[in-house]
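One letter stands for each residue in the lines below.
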Amino acid sequence: MPYDEALERFEPVLGLETHVELGTASKMFCGCPTAFGAAPNTQVCPVCLALPGSLPTANAQAIESTIKIGLALNCSIASWCRFARKNYFYPDMPKNYQISQYDEPLCFDGHLDIEVEGRTIRVGIERVHLEEDTGKSTHVGGATGRIHGADHSIVDYNRAGIPLVEIVTKPIEGTDRMAPEVAKAYVTELRELVRALGVSDVRMEEGSMRSDVNVSLMPRGSAEWGTRTETKNVNSLRSVERAVRFEIERQAAVLADGGRIVQETRHFHEDTGATTSGRSKEEAQDYRYFPEPDLVPIAPAAEWVESLRAELPELPSVRRKRLQNEWGVSDLDMAAMHNIDAIGLVEATIAAGAPPADARKWWMGELARRANESGTALADLPITPDQVARVTAMVAGGALNDKLARQVLEGVLAGEGTPDDVVSARGLQIVNDEGELSSIIDQVILDNADAADKVRSGKVAAAGALVGGVMKASRGKADAGRARQLILEKLGVTE
Amino acid sequence: MSLIHKTAAELSALMAAGEVSAVEVTQAHLDRIAEVDGKLHAFLHVGDESALEQARAIDARRAAGEELGPLAGVPIAHKDVFTTVDMPTTAGSKILEGWRPPYDATVTGRLREAGLVILGKTNLDEFAMGSSTENSAYGVTRNPWDLGRIPGGSSGGSSAAVAGYTVPLSTGTDTGGSIRQPAAVTGIVGMKPTYGGSSRYGVIAFASSLDTPGPFARNVLDAALLHEAFSGHDPLDSTSIDAPVPGVVEAARHGDVAGLRVGVVKEFAGDGYQPGVLARFRDSVELLESLGAKVVEVSCPSFTTALPAYYLIAPSECSSNLARFDAMRYGLRVGDDGTRSAEEVMALTRAAGFGPEVKRRIMLGTYALSSGYYDAYYGQAQKVRTLIARDFEAAFHQVDVLISPTTPTTAFPIGERADDPMAMYLADLCTIPANLAGNAAISVPCGLADEDGLPVGLQIMAPVLGDDRCYRVGAAVERALENRWGGPLLSKAPAL
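For the record, the sequence lines run as chains A and B. Residue 394 in my numbering is what sits at position 394 of the first sequence, and the numbering runs on without skipping anything. Residue 116 in my numbering is what sits at position 116 of the second sequence, and the numbering runs on without skipping anything.
Just so you know, the hints here were simulated from the structure itself, not pulled from any lab data. Just to be clear, a hint being listed does not mean it is correct.
[Said to hold, decoys possible] Computed list of lysine-lysine pairs in DSBU-like fashion (alpha-carbon distance at most 30 angstroms, straight line):
(1) B:K383 <-> A:K86
(2) A:K454 <-> A:K490
(3) A:K86 <-> B:K94
(4) A:K86 <-> B:K359
(5) A:K136 <-> B:K94
All chains should be built: construct the whole structure from the sequences, respecting the hints.
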C-alpha cells in the first residue's frame, strides 16, 4: 500500500534494539584482541572457543563503557546486577549459550532526545545491557545465503566474545508519518553519542553497530497496539529508514486485506529495500535464562558511577547547540550539516583557522557535491580539515579565487598532494604581475574592438565581456576585480 | 616399609634428605599401578614416560641445589576433569574420547609448578555425575577394600588410587559430595574446600556454583599439604575468593579439640542410616568429648530439603554447561556424512556421546529452567539454598564445627543402585548442604562398620573460609584413632 495511504489508515508504533560492539582492546570474557579484519580464527583462546573447563572473567573496561552509555542516555545504573545465560544451540555460538543480561540490566529507564524536522522527540530507553557477540557464520551454497539450504557453513570465532552493548527503546508512539525519519534520527543520534563517549568507533559497515527494528500498526483511533514484527540486523542509517517505511507499507496492505500480522523476525534486503519473513516467534525458542554462575555479580560503587558521570564528555546534542550559536547559523543549515555528518569537519576546519562561513561553504558546497557524486561519506573524502582551511586561507589572501580553489580541492582529492603541492604543480596562481596582466588586457582590447568602443562611449557594462576575455586568456588565473579596474583605466573611463 | 606405603610428607622428607630419588619414588608407584590397577581400574590414563621425565627433572633441580617446594617429586593423580596439556582429558565421557587440552587447569598447573609428578588421570562418573563411578563411559572402578563394591563417586578413581597405594595424593572435585563420599567409603581423607577457595579454571564443569576441587590423601596432613599447594586466588576464575588461604597445614600439624564446640546435626540420623555407620559416628562423638570438645546437638531443619534443591540446581546448571559438547570444535562427531545439517550432527553426537545419567540430568535441568517452570523449580531451589546457608550461619553461632556421618551407608555392591537413581542420590544426603552453602567440609576415617567391616567416614563441616578447622579437628580425631588402632585404618584393608 502506498505510504501516504497507509498513514491515513494506520498509526505506527516503533521500537529499536541496537547492538553496539564496544571498542575495548580485549574481548568481553577473555584476553583475546578485538581488532577487525584479522585472519579467521586467529583471535581465539580456550575461553572464547568454549573449550571444556574454561571460564569467563568480565572485562572491567566494558562494564565502564556500558555505564557511560547508560549515563549519557539518562539511565539509572543498577547498584547490583548479574549476567545471565541465554541458552540456544547455534554453531557460531561456542558455548551454545550467550552470556547476556536478562531481568537485571546494568542500566535502565532513560531517554534520548532527537530532532526531526524541527521537532524534538523524546525516545524512552528501556534498558542498556552488556553481552557477548557470537562468531560469524558464512553459509556456502544455497540460494539464500542462510544456513537452510547451504552446502556447508564455515565459522570465524574471532568475533565470538567481543563485548556488545544492547540498547533497547521503550515503544515509540506518536511519530505518525515521520516514523522512518524518527527511527533513522534515533540511530544517528545514538551513533554520535556512542562515538562522542569514545567507547566504540561505531562503524556500521563493519557491523559494529546494528539495529533490530520493531514496527507495528494500529488503526487510526484505536488505542490497542497491533502485532509487531522485528526486522533483524539492519546495518545502515538509510536501511533503518527504508526498513520502517517498507514494514509500514507491507503491514498496512496485509491489514487492509483483512489479514493478520504474524509476530516474527524479518530480514532486510539492501538491494530491494524489502523485508522477508525469518523465524516465526510462534515457534520461538525458550532461552531458559538463568543467572550466570561462573561470574560474580556486578556491583558498581555509587561514587564510581558519579565520577564517570562527572567525566562524561559534552554530548552531541549539547555540542550542536553550542556550535550553532558560535557559528550563528540557522536551524536548517545546522540540520543540513548534521545530516551529512559535516559538523565535526566544519568544526575542525574552523579550528585550523578558517572563518566559519568559509569552512561551512566548502564542506557543504563543493566537497559535499563531490562526496555525493562518488557515493562516499563526506568524512571519507581524502582531504583533511587542515587542507580545507589552507585553501580558504589562500582565497582570503588573494592567492586563489573560488574557481581556482575548486581546482585545488579537485587536485587534493585526486591525490596530487597538499593544496600547496597542487597550486605549484598545476600552476594555479592568480596573475598578480601587473605587466603580464597589462599586456593580456591590451591584446583583449585589440581583439574586441567593438566592446572596447562601447565602453569608451560610456557603456561601462560592456566591460564585462572584456573582463571575461581576460579571464579566458589567463586561463582563470587573473584577478577579475583588478582586470576590470585596469581595463577601465586604459579606456579612459571612470565609474 | 616400601615407598608406596609412605605418606607424601614422608616421601618428601626422604627425597629432601637424598635417601631416595624422585625417579625411584615414581617408578615404585608406576610398578604398583602396573601390578594392581588391572583389578582396581582407578586410572583412565597412565603417563609412565612423562612421569619419569618429570621425576628426572626434579632430581636434576635438587642436585643443582635448587630450593624445592614441600611436595616436589611426590606423585599425584588427577581426576580426569582437570585439563592437562600432556595427557588426554575425557571427563569419563565418550563425547571427549581422546581430547587433548591445549591448556592446564589452574590446579594442575600450580601442582606442576610445585614439582609434583603426574602419574595419570583417574576414572570418574561421566562429567562427575554419580556416587559410584559406575557412570563412567570407560568401565567401573573397584573399591580396594572389596573389589565387588563401589569406590564412591564421582571421584572414585582418585579415592581407589590413593586407597590402593598406587599414588599418595590425588585431586577430585566435590559438587554434592564427590570427594568426601569416595574418601569415606575407601577409608581415606577427602576435603571439600570452601567454594571459591580452589580454582575451577580448567575443571570441566558439572554445576558451576557447586563444583569445588579438593584433595585426597591417606592422612590429614598430606591432604592439607596438597590443599595448600593448589589453593589461593585465581584471576581466571571470577568466583575464586581473593583472600589468604586458611592455615590448613598448620592446623593439620596441631590437631586439637580441647574447648572446641562441636555440633551434631540432629537431622542426619535415623531411617536410611546403616547401624554400623551410626555406631562409629557415636564412637566419634564420645572420642571428641574425651579429647575435651563440648559436643551439643544442633538442629538444621532445612538440611532435609537440601537433596531435592540440589537435584534442581545441579542439573539446571549442567544442562547449560554441557551444551558446548556439540561436535563443532572438539570431541566426538557423529553423522557428519555430508547429507546432514549441523543441527542433526549435534543431536546425533550428543545422543551417542552422553551416557544415560548425563542425559537424565540434562533433561531434568532443561525442564527446570523452562519458561513457566523456572520459578517453581530453579527459583524455589535457590530459596532453599538461602535457607540452608542461614541454618549453617545460625549453627556456627553456637558451635565451631558441625559433624555428621559422611555417608548414610558404607560402600555398596557394584550394580546394586545402578538402576535406581533415587537410591544412588541418597548417598550424598549428608554432604550436599555444605555444597549448597559453599562451606568447607572434610571426611576422615572413623572406623569400620560392624556388619560389613567396611570403612566409615566422619564429616566435619566448618564455616566459609574455616577450612583450617576441618583439618584441626580431623587431625585430632586421626591421631587419637590411630593410637587406638595401632596405625591407619587403611592398614586393615585386605592386600590386593
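Structure-based check of all given hints:
Only pairs whose Cα atoms come within 30 angstroms are accepted, and B:K383 paired with A:K86 is accepted, the gap being roughly 22 angstroms. In summary, the hint linking A:K454 to A:K490 is supported, as the alpha carbons are separated by about 14 angstroms, within the 30 angstroms threshold. For the given pair, A:K86 sits about 27 angstroms from B:K94 by alpha-carbon distance, which is consistent with the 30 angstroms threshold. In summary, the hint linking A:K86 to B:K359 is supported, as the alpha carbons are separated by about 20 angstroms, within the 30 angstroms threshold.
Using a Cα cut-off of 30 angstroms, the hinted pair A:K136 and B:K94 holds, with the two alpha carbons roughly 29 angstroms apart.
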